[in-house]
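2 protein chains.
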Amino acid sequence: MTLQLSPTTPAERIVALRGQLALSGLQACLIPTADPHLSEYLPEHWAAREWLSGFDGSAGSLLVTAEFAGLWTDSRYWAQAESQLQGSGITLMRAGAADVPDMLDWAAEHLRQGDRLAVDGRVLDWGAAARWRAGLDAAGVALVLNQDPIGLIWSDRPALPMAAVFEHVPPHACRSRAENLEAVRRAMQAHGADHHLLSSLDDIAWLLNVRGADVDYNPVFLAHALLDADRVRLYVAPGKIPADLAARLAADGVELRADTALAADLAALALNATLLIDPARVTAGTLSHAPQVNLIEAINPSQLLKSLKNAAEADNIRQTMAQDGAALCEFFAWFESALSAGERITEIDVDAHLSAARARRPGFVSLSFATIAGFNANGAMPHYRATDASHAVIQGDGLLLIDSGGQYLGGTTDITRVVPVGAPSAAQRADYTAVLQAHIALARAQFPVDTASSVLDAVARMPLWRRGLDYGHGTGHGVGYFLNVHEGPQSISVRAHARPHQGMQAGMLTSNEPGLYRDGKWGIRIENLVLAVPAAQTAFGSFLGFETVTLCPIDTRCVVRELLSADEIDWLNGYHHQVRERLLPLVDGAAKDWLLARTEPV
Amino acid sequence: MTLQLSPTTPAERIVALRGQLALSGLQACLIPTADPHLSEYLPEHWAAREWLSGFDGSAGSLLVTAEFAGLWTDSRYWAQAESQLQGSGITLMRAGAADVPDMLDWAAEHLRQGDRLAVDGRVLDWGAAARWRAGLDAAGVALVLNQDPIGLIWSDRPALPMAAVFEHVPPHACRSRAENLEAVRRAMQAHGADHHLLSSLDDIAWLLNVRGADVDYNPVFLAHALLDADRVRLYVAPGKIPADLAARLAADGVELRADTALAADLAALALNATLLIDPARVTAGTLSHAPQVNLIEAINPSQLLKSLKNAAEADNIRQTMAQDGAALCEFFAWFESALSAGERITEIDVDAHLSAARARRPGFVSLSFATIAGFNANGAMPHYRATDASHAVIQGDGLLLIDSGGQYLGGTTDITRVVPVGAPSAAQRADYTAVLQAHIALARAQFPVDTASSVLDAVARMPLWRRGLDYGHGTGHGVGYFLNVHEGPQSISVRAHARPHQGMQAGMLTSNEPGLYRDGKWGIRIENLVLAVPAAQTAFGSFLGFETVTLCPIDTRCVVRELLSADEIDWLNGYHHQVRERLLPLVDGAAKDWLLARTEPV
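As given, the protein sequences belong to chains S and G, one line each in that order.
Residue numbering for the first sequence follows the working numbering, starting at 1 and increasing by one per position.
Residue numbering for the second sequence follows the working numbering, starting at 1001 and increasing by one per position.
Some hints here could point you the wrong way.
[What the hints assert, rightly or not] Over 10 Å on every C-beta distance to chain S, these chain G residues come out as not near it, computed from the model:
#1 I1014
#2 L1152
#3 N1180
#4 A1312
#5 D1349
#6 M1381
#7 L1409
#8 S1454
#9 R1466
#10 G1474
#11 A1539
#12 P1585
#13 V1587
[To be verified] Label-pair restraints from in silico Cβ distances:
#14 S:S542 with G:E1179: 42 to 52 Å
#15 S:S83 with G:P1170: 55 to 65 Å
#16 S:A138 with G:R1231: 25 to 35 Å
Since the hints were derived computationally from the structure, they do not count as laboratory data.
Owing to the predicted nature of the structure, the values given are computational and were not obtained by experimental measurement.
Just so it is clear, CB atoms sit at the ideal spot from N, CA and C, and this is done for glycine as well.
Okay, chain S solo, but in the shape it has when bound:
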């Protein structure tokens, strides 16, 4: 026997995969970017697409046949993929471009009747599996979900994370486990489901008031959960849950089971048991163990429940926002003084100093996503990330965009500010002012309860659209409570597909982040988090407004005051009045001076 070594380059790995496909009688293999929990961030163990292709963007799918290997990824990643795929023999398929077929269409067209296409069913969501099966069926191609050819060639595959798990407790946790369980069980009953399976980590963490650190930036832990009317079976790798937490979970009817027990427990469900699942949040591989049950497909009830922050959570969020804002004051005070002292500051330094300022604040746990600090042209890439190998020095004139956030026990933050370095140009100031007007338009909006969140995006964009300007990302995503910085179900995006629970409800916490990006020149984004709150009750219905909860000066040095309406000026000055009042008690020294200077009315 010889020691089997993993191939070491993407080109070698594709060759190895093709060999494995041939051995297994497979003609194609699809490698999505996903894990068994369909998380936004994957543990390395599940980063098969990156391992195979060398492309490390957060989105993309790889399709490999005997003659072809193609990576489909969206426009955010075309430049990066083009560079990272060099030498791999993998073709970049620019998803969304007019002449590039959808991946499924490509497969249906190029594979032959009788061919077999493999996807690791453990990482393919149930809804996507149904679409692929239907699409391939029509072409006479079989979809094989129970083989993992990559696992067979990836001999040094990283282990799964085993970070500690802990309880989220009062006063930071503001709902009891029993309360959450009761609400979800009511929804199960309404759906006529006697069981409910959760694989999505934020749903599980929220439901049980438990947090972890298995996934970058998201305080969650690897688990599945199976609920019925009386008990919750929680599937976690043995040894992760401390004994005292296990006992408290047991008191609420939560039974710990080894992660490996899920398959057998699913198989043991009664014939015709009714199982509520979210087709976008459970994989085909997981459900393959329960072919005997009746599936009831719907969005997880916890998606809406956790989006509705209650009064106690809102209070904690307000306090957390003040701490986060104070950290930003300290950072900006350092930044401006270091800059004027002529220190050499890079984008990497921005991240380091800002993260350190946050880490000094009470309740801080971690960043909520990788800091984006982009100077001038780098700021024009909405998903830019400075690396040790490639980053800019902040010098000369221009705009610095900083998008950052923290996980605190009392809430999750996400804020973007743009500050001038040296002397901003007239064009930069005009752009900045237009983005600010878009931000204010949404911040000042009032609308009936249950208004589709997508339509509010037009209100934000109109000040830009009217000038022939636009931006390629959504304006608002939901934000968790000491949970994922991206959550649903609301989505303030004109491009959002109709989904359940898109209507705005009181208690929803959403980002307000219009932007503008001049390729190769500069980028602008102004982001606060806003809480939907009751605003009026009239003969025409109940209306909501947004309470801006993020507290940090919006730099006014780039504002062209003459472009603002009286209402917009009032909003800006009112916001800065509040920022000053709320943050003053939390800062001193240079940070206090900076706060006072940057909250002067325009």
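Start from chain S and add chain G according to the hints.
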């Protein structure tokens, strides 16, 4: 044999229907408001729901079982239905109210396993039939589509209309039949369909440049059409198409067939022929004749094609709008002078004088819908119609709302104006100004090509929402070109379901009609038609704006100038400047004086 007389009251008719159901072994009968063409307005022959129930609103469905008869209708018609259903024994089911089940849910819950529910399949659209079949299947109830129990008891059922059919010719027709046919055939090819069946009358009229008068207000004729790559078979009652038109149609490959030949022609299609149909625009009864074909379900290609007015159509529309506006000037000049002379004027008189003024204009064919003239409280009912039996005299102080339109050879018009009578109150002026601001917000909008039309509604509503105001109807519907005043596919409505081709494109003609309704007090709606036109081409894409094509003063006596922004005042004065310039050549005498007075800048 005795002469079978039709029963004469709704109560008697329901009894007769129940007898017929019992004879036929049916436990329930659903009577929708529809005809074989799924038109907005039904020929009397198909008004079975009205005949049975006595309720003559335009929307509602009746469900009759041995023990129960219920009419489901939406909130617009609750008051009317409540009154018209008295004594019928029919329960009013307030569709949309929280405690009222959906009709299908009600049927699934109340019918028993093994029961049979009949619907006349000739008037049930294919999509609805699929939903009903699925819903009833789950309850073990059979859906019977090939019986017409009402036909058996309705012995004096009116005949189908036989109005004359005529060709729409240049210069008013701006596209050739050949061109239209080629465009639809290209779409058939893209769908992989060798045949295409049209039952919707506006699609057929548009496709063939033929118009008729079988349906109130819509210049269409009863027909079906079956297309393949070479020919069009047009199914019409014999004798309706003049010989010279038949010859011209034949020259374009359009073969006339008796309406009764459709069933056999569908049955004679090849096994596995591919038939493109729009599931919302073809009935299950029609398709029941072609069980052997493969259906390709998609929105009719003509829906998008006819929504995109070309440059020549746009020019004709502009001229038609000027004629329509001139007619309105003549009407309003008469109205104001008669009112100040102390004449007794009713809502009915308004309709008569306005219709007469339109009828004097070149190209006028008919009204495009029944005039809505509502004084004060009557104006608060968005679908109000004055009748000989019930209408108001216009006297005292208040607001008169007039929503009206015409069919002209060169376009279809639809306009709403509100004018003060006597002295409007401060509250009325504030409401009027808010609605005007909503109207202007949409009129001034600029947005990327293909922006979902639904999201633009939030832009219109925000000036109202911000004051806790709202209205219960959409803000904009598509308008045909000498065709139906309501057409798709675009819909400026926050409540619009996602449908194909919702994105705004250059050439779409849409209403802009925000409103505000104070129950029992007054109603306000300000409506112009707007044409989507290219507005800007920038690094961020192609942008559209709206050209307001309706030409008629917006009464400024109710405007609170101080509430308007400088931009809004500019828009209003700019609009009135244009109205004056464009209409002056078309009016004289009192109408000219009125035009000059009412287009003074504010």
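Tested hints:
no.: 1; hint: I1014; in the structure: 34 Å, holds
no.: 2; hint: L1152; in the structure: 40 Å, holds
no.: 3; hint: N1180; in the structure: 26 Å, holds
no.: 4; hint: A1312; in the structure: 28 Å, holds
no.: 5; hint: D1349; in the structure: 32 Å, holds
no.: 6; hint: M1381; in the structure: 16 Å, holds
no.: 7; hint: L1409; in the structure: 36 Å, holds
no.: 8; hint: S1454; in the structure: 6 Å, violated
no.: 9; hint: R1466; in the structure: 5 Å, violated
no.: 10; hint: G1474; in the structure: 12 Å, holds
no.: 11; hint: A1539; in the structure: 8 Å, violated
no.: 12; hint: P1585; in the structure: 33 Å, holds
no.: 13; hint: V1587; in the structure: 35 Å, holds
no.: 14; hint: S:S542 with G:E1179: 42 to 52 Å; in the structure: 51 Å, holds
no.: 15; hint: S:S83 with G:P1170: 55 to 65 Å; in the structure: 57 Å, holds
no.: 16; hint: S:A138 with G:R1231: 25 to 35 Å; in the structure: 30 Å, holds
Against the hints set out earlier in the document, violations occur for numbers 8, 9, 11.
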